[in-house]
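Under my numbering, the first residue of the sequence shown carries the number 198, and numbering increases by one thereafter.
Hint data in this document are derived by calculation from the structure and do not stem from the laboratory.
Just to be clear, a hint being listed does not mean it is correct.
With a Cα cut of at most 30 Å, we get these calculated DSS-like pairs of lysine-lysine [what the hints assert, rightly or not]: (1) Lys409 with Lys313; (2) Lys420 with Lys313; (3) Lys312 with Lys409; (4) Lys420 with Lys409; (5) Lys312 with Lys420.
Cβ pair distances, simulated, as ranges [said to hold, decoys possible]: (6) Gly432 with His453: 18 to 26 Å; (7) Asp280 with Gly432: 16 to 24 Å; (8) Pro445 with Gly296: 21 to 29 Å.
Treat the numbers as computed from the prediction; the structure is a model and nothing was measured.
Beta carbons: idealized from backbone N, C-alpha and C, even for Gly.
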Amino acid sequence: MKPLDGQASDGRARDGQLLSGRVVAVAGATGPAGRATVRALAAAGATVCCAGTDPRRLDTLLDATRRAVPGATVVGQVLDLLDPQAAHDWSDHIEAEHGSVDGLIHLVGGWRGSKKFTDIDLSDWDYLHDMLVRTLQHTTLGFHDALLRSPAARFAIVSAAGADRPTAGNAAYAAAKAAAETWTLSLADSFRTLASAEEHEERAAAAILVIKALVTPEMRAAKPNARFAGYTDTGDLADTITDLWNRPAADLNGQHLWLTPR
């Protein structure tokens, strides 16, 4: 596959900006993790295509990113990713408009829980299944082929340590995160299997970033004496996501990357 303009034959940028020439889609871009990630990707030189459900929050994100990163190429689209056709169309639009899709970062989130196992409201499961699983399914199915056409595609979700060690009142959330992990590992296997069938090295990777919880600068400012033990700063998460393109696909594909102590 011919490298993109500004890239060496191994898919890396030539000009010092790690993601120069890359086109990265961010689902759930207007949340705290999304805002930090969009800014980090733009600062690294990527064209960032953002999706959100609220047009005002999306406009605020785009304006803030352009102010923080002069010259940034960042665009937004209001989308309901519970509509599978919308996810497919988003992928097609990005590839047609920008020439490639080199990354998809799934940051659609949500949390609901209870104090006791017997207090669980199964409507919470319906909500979390839609937010954490169904949007993931729609975006990965919609973007799969476009990612494979990239010389160095990366996909990532953010999971939670609780998926591996669920608590009594966190059953719905942990189960949804575990389902999202399993789906992502299946995507990783598709990338691996197709690379093997075509007899070339892996160029696409799907990774799972594991956190305990996220902390924003605003949270730290509001509680300057709080330790937030084990929490991951949104900026550190964003830097980890940006660095995915600096690591070989074969080393990342199907891996759990822990950003909190195990």
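- Query: CA of Lys420 to CA of Lys409, is that 30 Å or under?
  - Reply: OK: Lys420 and Lys409 at ~18 Å, within 30 Å.
- Is it true that the CA of Lys420 sits at most 30 Å from the CA of Lys313? Measuring from Cα to Cα gives roughly 28 Å; hence the hint holds.
- Query: For the pair supplied as a hint, Lys312 and Lys409, is the alpha-carbon distance within the 30 Å limit?
  - Reply: Judged against 30 Å, a Cα distance of about 18 Å means the pair holds.
- Query: Within 21 to 29 Å or not, the Cβ separation of Pro445 and Gly296?
  - Reply: 23 Å, holds
- Message: Tell me if the straight-line CA distance from Lys312 to Lys420 falls inside 30 Å.
- Response: Holds, at about 24 Å.
- Task: With 18 to 26 Å as the target window, see if Gly432 and His453 comply at their CB atoms.
- Result: 21 Å, holds
- Within 16 to 24 Å or not, the Cβ separation of Asp280 and Gly432? Violated: the Cβ-Cβ distance is about 32 Å, outside 16 to 24 Å.
- Message: Hinted pair, alpha-carbon criterion (30 Å max): Lys409, Lys313. Please report holds or violated.
- Response: Satisfied, since the Cα-Cα distance of roughly 20 Å is no more than 30 Å.
When each numbered hint is compared with the structure, a violation occurs for hint 7 only.
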